[in-house]
Amino acid sequence: MSKTPAFHLGQILTYFILIAGSITALIPLGWSISTSLKTIDQLAVWPPQWIPNPVAWNNYIDVFQQIPVLQYFGNTMVIVTAWVVGGVVTCSFVAYGFARTQFKGRDTLFLILLSTLMMPYVVRLIPLFMIYKELGWINTFLPVTVPQLLGRNAFYIFLLRQFFIGLPHELTDAARIDGCSHFGIWWRIVLPLSKPALATVAVFAFQAAWDDFLAPLVYMGGNPDLRTLALGLFAFRAAPGQVAMTHLLMAMSVMMIIPILLIFAFGQRYFIQGVTMSGLKG
Amino acid sequence: MRKLQIVLLVSLLVGLLGIVGTVAPQEEIVLDFWNWWGVQREPLMQEIIGPFQEEHPGVTINNVVQGWDRRAEVVLTAMAGGEPPEIMMATRAEIVRFAAEGLIVPITKYVEEDGLDLSAFYPSEIETMWWNGELYSMPMPTAGGETSFYVYNKTLFAEHGLDPENPPATWQELWAASEVLNQRSGNVIDLMAADIGVSGNAFLSWLYTNNGALYSEDLRSVTFNSPEGVETLQWMYDYVQTFYGGVENHIDFMAQTTGESAENPLFQGRQAIQFPNVSIFGHLATFAPDLDYGVALRPYNADNPDARSQGIAPLGFGWGYVIPAGLSPEAERAAYDFVRRITYDMGEDVKGGCWFMQEQARPSPLIACNEDPVFYELNPNWDNVKAALEADIALPIVPPQSQIQSFITEYVDLAMFGELSPQEALDLAAEESQAVLDAYWSSIE
Amino acid sequence: MSAPVPDQRTGNRLGGVASAPRTAFSSWFTGMQAEKYIGYVFVAPWVIAFLCFELIPTAAAFFFSLTDWSVVGQWNFIGFANYIEMFTRDRLFARSVGNTLYYVVFAVPLNVTMAFLLALLLNAKVRGQTFFRTMFYLPALIPSVAGAIVWIWIFDTNNGILNFFLSQLGIEPIRWLSSPQWSKPALIIMSLWSIGAGMVIYLAGLQNISEELYEAAEVDGANPLQRLIHITIPLMTPTIFFNLILGIISSFQVFNSAFIMTGGGPVNSTLFYMLHIYEQAFTHWKMGYASALSVVLFLFVLVLTLIVNRTSKRWVFYG
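Chains Y, A and D supply the protein sequences, listed in that same order. Number 112 in the working numbering belongs to position 112 of the first sequence; there are no gaps in the numbering. Number 302 in the working numbering belongs to position 302 of the second sequence; there are no gaps in the numbering. Number 294 in the working numbering belongs to position 294 of the third sequence; there are no gaps in the numbering.
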């Protein structure tokens, strides 16, 4: 490919847009970090300042003294594991069924799957609570892990199903002709080919479980030992008569971003083009 | 025959085990206590729980402090779903509704057994805990002190030529003082003379200082759109236009504040008069210890001969502590004992509700508690605070209250934004509120 | 929409070249009869979860919409009274529908297209790809409680950074959160900061387009724009379809931003449908009525999804 001057211009423009866009995208985070480094009376400075003076690095330590962060972290990881395993394994399993097998009522069932995303949680909350209560699951980890492990996540199933449908049939056809079972196709062919989609699901599942507060609040709220990090944030929120520790709230939020960021950056290696399609050559 | 003997023997054994099981004494009573006393209040609560557990061996209290966000979902799901905690901190509106449906137990009989003297509480405080002839809780903290007083910056008063010892007592005096104090450049309020509030709750607070009322005596009709009500809303609107330049400027001014923190404009010297609730004193001590402030009663309308300073209790909350139905007699008794400890108990060396309030420099719903000299040390204005509590009257609550208040909020908003006249707004709100109220009364009759 | 399945008659070659272990178990999996039922095995976990945790709550919503259930009380059958009240007496119903439609009409197309453009940009061979992708995904990671505080500051009329930039361009301060006209646009703008998630999904889809196709097209003389229109977009239609459907479903349920930041105001200008449902259910304890509202939303979104799905047969290309 010859590099014409126009080509250079396109690159410069691209970089410009990316850099400008990044800065814009980072404004909310920048303000969060700035607030997280302020002392409590600095929050009141009017008009609001970007650079705190003095810089309160100790906020990040204070968070650990205010709430049992490590315990909450452990609890959160239990839920996160269930979500990620459920998403990557069970949801891909179910998605394969919708994408690559034929059975009666498949498309209707898929529509039912989609429709589960459409009923607002508000009116399902209490009946679902009663179901969990009958099962004796209230104030345990079960309501926030078992359904996920069973694949109760239409979002990921839908995502993976779209992806699987788009996979070329030549490979799977060849395997079928060779007598490979559907299970084998799923495990040996479709999954390895779907690394970008699976990485996406893993990252999304991690983030959803990490930040989810409603389910832990309602179903496990009576047991403070099971609290997650997202619930820990609530301790710093303003409540009537209560001091709002916004600086600690921001410090904790910033810290909570880091693990997801690492997972995301780590998962980027599955987003390299070309690796996944090598099976088609020859 | 052999089979029959075995069956009989087994049934006998099972029966015996069953009897033994029920007769065996309850070793441990564990009570979950859901409350919203978070952050700096949590260790205080632990100091109450400790001695209580020592005095009541076999009883354990779990102090489950919840986050404030999404409180409604947590509380309603627990109560409706059938897994409520043994002691729950509830608002007065919730208490009324839970009681009406029989989800919580009255404590009248325990109070009588213990021989408690309920006149130890301010009338407006304890009145709010009765429903249909039964008592369901006792108050802590105060329901009052929410709308009955204001705090003002004496230094700012002096700087602007106003007498710091003679703060405004009437609407008219407040207006005059605001003309001197208020500083606004265009749309930006540099110094807010007074935050009179622009919401439906603010309207109700001012309504009662104009001899208006939310309901009629028999609670069958809404009366807030009376001439007094319209006059009140008109006065509020005129104030907002004159001193804020429109309700939008008020929203912008308040955007960065939450009140209970260093961002409070009163603490920063950007506001002269504020109408807070009683938790302000603790925050003043923490964030603005050098502020020279005074306390006075909410101004009343001098043009109305029947008007006087009074607050309503509660407007927002009115916290009580309720016990759900379905507990064993021992657990229920223990739960009541704890409720009594955090509300009624006071005295030398007793860490109960009174002590809890004193530690936060907040007044207590117990009259005698507020006589303690420690309050006077913390707050030279203490006499005025007590006067404010005495000026509170109990706001009646009916189950559809939340809907009526939301109609008032909605239409007051529209009036403030200039889309409706005060008369139109209140009449429309009254129409809808009356419909809801009528529906409620006809459903129980 | 359905993938062609290999001819069953030629698939049954138990004696042929083996690439899978020959156990009795797998034989069952590959038998001709099994082909009809194997799909059920695959979807079974989800079906179990559905029957246990979705079916009853959803049916309960339909059921209670016909009652006056007040969460903690006895409920009575009132037939369709809730639905009648909704359409005749509830002013806020019409208001919330209008607000939500406004939001959906702007937010969905903006989000779907901008995420796509961003993904295209970040799929090109630029240096620091991972870095930039992370930067754009970051805003979506801020917990909502913290994010709300930050955005209230960004939108502040007198000191917010957005009005600061606008003032550099000579524009008067806009009352983002304190006026009924600008509150919805403010929330729509805020939603754009979360396009990182959609971008990630598009990126995953883009990985699957073979380099060979692009190379072949270049050889044939196609310029970048033509490659975009004739290769990228058609092959991305399944992913676009996904983002579109999900965008519709989730923006009709927009809730968090209004709940935390504006409380539905000013003057109910940000009272979205979900917020209306929430208030009816948890503030006024009118769960029966809230159920009726939910059923209406459910049916509306379902019908809309079906329509989009039907049209998708014409523009979604499943290769």
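Hint data in this document are derived by calculation from the structure and do not stem from the laboratory. Predicted model, so just to flag it, every value in this text is computed and none were measured. Treat the hints loosely; a few may be bogus.
[Claimed, not checked] Straight-line C-alpha distance at most 20 Å; calculated EDC-like pairs for lysine to aspartate or glutamate: (1) Y:K104 to D:E35; (2) A:K154 to A:E179; (3) D:K125 to D:E212; (4) D:K36 to Y:D178; (5) Y:K195 to D:E211; (6) D:K36 to Y:D212; (7) A:K109 to A:E332; (8) D:K313 to Y:D173; (9) D:K36 to Y:D41; (10) A:K109 to A:E330; (11) A:K154 to A:D372; (12) Y:K133 to A:E83; (13) A:K154 to A:E134; (14) A:K386 to A:D292; (15) A:K109 to A:D292.
[As the list claims (entries may be wrong)] Selected chain Y positions facing chain D (Cβ under 8 Å, derived; list incomplete): (16) V94; (17) N139; (18) L142.
The C-beta atom is built at its ideal place from N, Cα and C for all residues, glycine as well.
Comparing the hints with the structure gives:
1. At roughly 11 Å between alpha-carbon atoms, K104 (chain Y) and E35 (chain D) fall within 20 Å of each other, so this suggested pair holds.
2. Proposed proximity of K154 (chain A) and E179 (chain A) is supported: the alpha carbons are some 16 Å apart, at most 20 Å.
3. The straight-line distance between the Cα atoms of K125 (chain D) and E212 (chain D) is roughly 16 Å, inside the 20 Å bound, and the hint therefore holds.
4. Distance check on the hinted pair: K36 (chain D) and D178 (chain Y) sit about 19 Å apart at the alpha-carbon level, within 20 Å; holds.
5. A distance of roughly 17 Å separates the Cα atoms of K195 (chain Y) and E211 (chain D); the hinted pair therefore holds under the 20 Å criterion.
6. Distance hint between K36 (chain D) and D212 (chain Y) is unfulfilled; the C-alpha atoms sit about 39 Å from each other, more than 20 Å.
7. Annotation: proposed proximity of K109 (chain A) to E332 (chain A) holds, straight-line Cα distance about 12 Å (limit 20 Å).
8. A C-alpha spacing of about 23 Å is found between K313 (chain D) and D173 (chain Y), which places the hinted pair above 20 Å, so the restraint is violated.
9. Distance check on the hinted pair: K36 (chain D) and D41 (chain Y) sit about 69 Å apart at the alpha-carbon level, beyond 20 Å; violated.
10. For the hint linking K109 (chain A) to E330 (chain A), the alpha-carbon distance of about 14 Å falls within 20 Å, and the restraint holds.
11. The suggested pairing of K154 (chain A) with D372 (chain A) is violated, with an alpha-carbon distance near 25 Å, which exceeds 20 Å.
12. This hinted pair checks out: K133 (chain Y) and E83 (chain A) have alpha carbons roughly 8 Å apart, not beyond 20 Å.
13. Our distance criterion of 20 Å between C-alpha atoms is broken by K154 (chain A) and E134 (chain A), whose separation comes to about 45 Å.
14. Between the alpha carbons of K386 (chain A) and D292 (chain A) the distance comes to roughly 19 Å, so the proposed pair stays at or under 20 Å and holds.
15. As the CA atoms of K109 (chain A) and D292 (chain A) are separated by approximately 47 Å, the hinted pair breaks the 20 Å bound.
16. Restraint check, V94 (chain Y) versus chain D: the minimum CB separation of about 4 Å is within 8 Å; hint holds.
17. At a threshold of 8 Å, the smallest CB-CB gap from N139 (chain Y) to chain D is about 17 Å, leaving the interface hint violated.
18. For L142 (chain Y), the interface hint is violated, since its Cβ never comes within 8 Å of a Cβ in chain D; the closest pair sits about 11 Å apart.
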